[in-house]
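Protein chains: 2
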Amino acid sequence: MAIIKNEKITSRDVDFAQWYTDIVKQAHLAHYTSVKGCLVFEPYAYAIWENMQAVLDKMFKDTGHENVYMPLFIPEGLLKKEAEHVEGFAPEVAWVTHGGKNQLEEKLCVRPTSETLFCDYYSTIVNSYRDLPKLYNQWCSVVRWEKSTRPFLRTREFLWQEGHTIHETAKEAEEETLRMLNIYKKFFEEYLAIPVLVGKKTEKEKFAGAEYTLSLEALMYDGVSLQSATSHYFGQKFSKPFNVKFVDRNNKLQYVYQTSWGCTTRMIGALIMVHGDDNGLVIPPKIAPKQVVIASIRNDEKVIEVVKNIETKLKNINIRVQSDISDKSAGFKFAEYEMKGVPIRIEVGPRDIANGNVVIARRDNGAKEIVKFEDIENRVLFLLDDIQKNMYDKALKHTKERTYTCNNLEEVKNIMQTKPGFVKAMWCGNPECELKMKEIRGMKSRCIPFEEEHIADTCIVCGKKAKHMVYWGIQY
Amino acid sequence: MAIIKNEKITSRDVDFAQWYTDIVKQAHLAHYTSVKGCLVFEPYAYAIWENMQAVLDKMFKDTGHENVYMPLFIPEGLLKKEAEHVEGFAPEVAWVTHGGKNQLEEKLCVRPTSETLFCDYYSTIVNSYRDLPKLYNQWCSVVRWEKSTRPFLRTREFLWQEGHTIHETAKEAEEETLRMLNIYKKFFEEYLAIPVLVGKKTEKEKFAGAEYTLSLEALMYDGVSLQSATSHYFGQKFSKPFNVKFVDRNNKLQYVYQTSWGCTTRMIGALIMVHGDDNGLVIPPKIAPKQVVIASIRNDEKVIEVVKNIETKLKNINIRVQSDISDKSAGFKFAEYEMKGVPIRIEVGPRDIANGNVVIARRDNGAKEIVKFEDIENRVLFLLDDIQKNMYDKALKHTKERTYTCNNLEEVKNIMQTKPGFVKAMWCGNPECELKMKEIRGMKSRCIPFEEEHIADTCIVCGKKAKHMVYWGIQY
Chain A
129 MAIIKNEKIT SRDVDFAQWY TDIVKQAHLA HYTSVKGCLV FEPYAYAIWE NMQAVLDKMF
189 KDTGHENVYM PLFIPEGLLK KEAEHVEGFA PEVAWVTHGG KNQLEEKLCV RPTSETLFCD
249 YYSTIVNSYR DLPKLYNQWC SVVRWEKSTR PFLRTREFLW QEGHTIHETA KEAEEETLRM
309 LNIYKKFFEE YLAIPVLVGK KTEKEKFAGA EYTLSLEALM YDGVSLQSAT SHYFGQKFSK
369 PFNVKFVDRN NKLQYVYQTS WGCTTRMIGA LIMVHGDDNG LVIPPKIAPK QVVIASIRND
429 EKVIEVVKNI ETKLKNINIR VQSDISDKSA GFKFAEYEMK GVPIRIEVGP RDIANGNVVI
489 ARRDNGAKEI VKFEDIENRV LFLLDDIQKN MYDKALKHTK ERTYTCNNLE EVKNIMQTKP
549 GFVKAMWCGN PECELKMKEI RGMKSRCIPF EEEHIADTCI VCGKKAKHMV YWGIQY
Chain B
129 MAIIKNEKIT SRDVDFAQWY TDIVKQAHLA HYTSVKGCLV FEPYAYAIWE NMQAVLDKMF
189 KDTGHENVYM PLFIPEGLLK KEAEHVEGFA PEVAWVTHGG KNQLEEKLCV RPTSETLFCD
249 YYSTIVNSYR DLPKLYNQWC SVVRWEKSTR PFLRTREFLW QEGHTIHETA KEAEEETLRM
309 LNIYKKFFEE YLAIPVLVGK KTEKEKFAGA EYTLSLEALM YDGVSLQSAT SHYFGQKFSK
369 PFNVKFVDRN NKLQYVYQTS WGCTTRMIGA LIMVHGDDNG LVIPPKIAPK QVVIASIRND
429 EKVIEVVKNI ETKLKNINIR VQSDISDKSA GFKFAEYEMK GVPIRIEVGP RDIANGNVVI
489 ARRDNGAKEI VKFEDIENRV LFLLDDIQKN MYDKALKHTK ERTYTCNNLE EVKNIMQTKP
549 GFVKAMWCGN PECELKMKEI RGMKSRCIPF EEEHIADTCI VCGKKAKHMV YWGIQY
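Protein chains in written order, with my numbering: chain A, 129 to 604; chain B, 129 to 604.
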């Protein structure tokens, strides 16, 4: 049986934006509310987020980080302490002006990010180099009053983690900045099965208040790129205005060196857009809320017994499994779990049982195979690994096919109008040229990779001497 | 070696409030911020919270609940839909009036609780009895603009979970209300080692908008009682104004029956006030971030080797263990881990090693014993169980000693001025009598137990015919 096109979803090749919206709705991931840009995260999306959190949280703790929780509110005066930071964030924050019936003496913003709160706290708890480093992280929601919004990708409220660390030396803080970028890279590649570019943001694109920003960039199915996680090095740019000082090993007062790094529920959007197809989600096994669904084809007593039996077997080897013995039709069940992107479906019907077999179907490529009862556990374990790997390889192939080396703007325009992707091109370092590039479907510099190729001597925009090789792309 | 009084902490028998504040500060649990009533949850408190979350979350999921995430903001119009609810909460919410530089058309409150958001969502996703029940929960922070605040016990922002479920019948919803109360009870008694009273709140004390409220009440060391978790039955009081309807089994349109239930970071306050002593926290082993600390007495190579060896052994049997081989003095180390309430301390010094022994000290009662190397694992496992049990027994003994049966107000006054606690007394059902009772150190009805004793025929306040036996107490 070939995979039949799900009629509830627009084809992604016909209208990618509508396809995305259809999946968010049909797979019951998110629900709009009466407050624009604020979502209900429905159980299935939240379960994906919990799995992401569990893996990342362990990675953070294994590298010595501790979780804390900072307040939701930042007084206006505190937000204003670092000039670039307030300039970057003030236009897009939500302001609390009243508590109960009383107007507040100082208005409070709902945190858009918590650098200022962490700095305020650090300034009171750090005295000596013996108190350093502090390696803190928090899981919370943040608010940015965006004008245009899209589920998971750009919402006014989103869930995220934000790491905030302070160190004795610039070297240590810079190492931390890179360490966390590499943790994100590992997470994206090994768990989400999403290949990523890593590199440094240009001055124009860096975080408001950072010395520099490192980022992860991933390419979606439609060739649009998504900034997927960032890691910032602050040097002493915050510690000076916030007065976060310590007595160093030479008994001198110094300002601490600082980092922050974060990733968000936007990653759910990335999962959809990198792996999804015309039948719905495709979730990598390592992150899938359910890795296997066992669907009964007809519900006689024997079938139900076998279904329950397989469920127990798979639970015993720690596989996240669900069985469906409802009286819905087989076709309906298959479509539902395809929509939800469950990596493996096991079909149990009377004929299979008579032969001592089940049918196992893969979500990633639709392949079906007949497997003997006694081989199910081993086969499932093998397939989960193979699906994870195959999904990464497929995404990597797509990214490579859509990564172009360009030497002139005409070429870039053509590509972006036909088969967009990442463009590698030289740049002089002038932000004016970045603005010029933006005229092509809103393209922006994605990042300057750590190892730059030498494509040409001159900037693709102005023709002056090139300073860097930059990855460019359209963004959401 | 007897336990030496920690000088950084006021004695709890001298000034209980100051003792509490000292512990919050000295054990690095929470830090005040420039926004009144908003705390930094420091790593140690947050780790306790994470352990609480992990246990409760599993209990919720094992009983079929799924996690979701609702928006932070409630539009004013939505909050106002249920009359009693808005009356109860509107005076104490924080209002967002501006997004960026623009005034909002409708002001938004920062959620004080999410009944209205859940109802709004339910009204769009439920059609048939086949869609029921919905058993949802969320972990988040909420805001209530309290006038007087105290770390963990009453803060303007706090962390909590809120379960919200809808059902086909009143019976199912009432069963759920009780089921969740019993889950909290189990959690308090078996994990937090805190005995609790359970029962129904009076009309005056119930949740704004509920048909009735069930609650857990625990007695602190100073005899003050703490409402520790609540479970509410709403009947159709929200489903009617919010229009949450479904087609029932007889093909008729019906309104759903609803519950909500929650517990908060206030539980950290309860842990402190039930178990703490003049040397700091005492954390029950099942919730302790570290269950065992291994402290070196002198740092020669051999000592460090033995410390690391024991650490590995205990990690291998899944004990949360930390070793401290810093060059701080033994006395300093002991005081630090006593302050943090680590249940077991293992002391490793050169003399002990020579004899093939270590010293094991219990935090709950200060007892020390000499244990042979080869017996450490078994002894630690036994002690963790025994400490958990002993802590519960001690708290239960205290609660029993401080639970009084009273027949007249003079008696109640005397008790509340000398050794306060729970008072069992008869009540006519009139809220006027509750108000009268409040004159005695602000006493309130705590709950009406499910099985009431017959103490007398008449109300302790007015002398009219009694309707119920009520537990009364002073509250925070």
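Don't read these hints as lab results, they were simulated from the structure. Fair warning: there could be bad hints in the mix.
Unchecked claim - Restricting the straight-line Cα-Cα distance to at most 20 angstroms, the calculated cross-link-like pairs of lysine to any residue (SDA-like) are: (1) K235/B with I253/B; (2) K275/B with N230/A; (3) K153/B with A182/A; (4) K229/A with C590/B; (5) K334/B with E318/B; (6) K541/B with F510/B; (7) K229/A with V270/B; (8) K186/A with K186/B; (9) K275/A with K373/B; (10) K380/B with S251/B; (11) K418/A with K461/A; (12) K522/B with N536/B; (13) K208/B with K275/A; (14) K418/B with K164/A; (15) K229/A with E220/B; (16) K418/A with K229/B; (17) K334/A with Y319/A; (18) K229/A with N558/B; (19) K189/B with A182/A; (20) K186/B with V183/A; (21) K517/A with P417/A; (22) K235/B with Y160/A; (23) K229/A with Q231/B; (24) K572/B with S276/B; (25) K209/B with K328/B; (26) K164/B with G228/A; (27) K328/B with K229/B; (28) K313/A with K517/A; (29) K229/B with I481/A; (30) K164/A with G216/B; (31) K436/A with P478/A; (32) K229/A with D190/B.
Right, here's what the structure says about each hint:
no., hint, verdict
1, K235/B with I253/B, "26 angstroms, violated"
2, K275/B with N230/A, "11 angstroms, holds"
3, K153/B with A182/A, "30 angstroms, violated"
4, K229/A with C590/B, "37 angstroms, violated"
5, K334/B with E318/B, "26 angstroms, violated"
6, K541/B with F510/B, "44 angstroms, violated"
7, K229/A with V270/B, "18 angstroms, holds"
8, K186/A with K186/B, "18 angstroms, holds"
9, K275/A with K373/B, "34 angstroms, violated"
10, K380/B with S251/B, "16 angstroms, holds"
11, K418/A with K461/A, "15 angstroms, holds"
12, K522/B with N536/B, "29 angstroms, violated"
13, K208/B with K275/A, "27 angstroms, violated"
14, K418/B with K164/A, "44 angstroms, violated"
15, K229/A with E220/B, "8 angstroms, holds"
16, K418/A with K229/B, "44 angstroms, violated"
17, K334/A with Y319/A, "27 angstroms, violated"
18, K229/A with N558/B, "31 angstroms, violated"
19, K189/B with A182/A, "16 angstroms, holds"
20, K186/B with V183/A, "17 angstroms, holds"
21, K517/A with P417/A, "18 angstroms, holds"
22, K235/B with Y160/A, "18 angstroms, holds"
23, K229/A with Q231/B, "18 angstroms, holds"
24, K572/B with S276/B, "18 angstroms, holds"
25, K209/B with K328/B, "26 angstroms, violated"
26, K164/B with G228/A, "14 angstroms, holds"
27, K328/B with K229/B, "47 angstroms, violated"
28, K313/A with K517/A, "16 angstroms, holds"
29, K229/B with I481/A, "66 angstroms, violated"
30, K164/A with G216/B, "26 angstroms, violated"
31, K436/A with P478/A, "14 angstroms, holds"
32, K229/A with D190/B, "42 angstroms, violated"
When held up to the earlier numbered hints, the structure conflicts with 1, 3, 4, 5, 6, 9, 12, 13, 14, 16, 17, 18, 25, 27, 29, 30 and 32 and fits the remainder.
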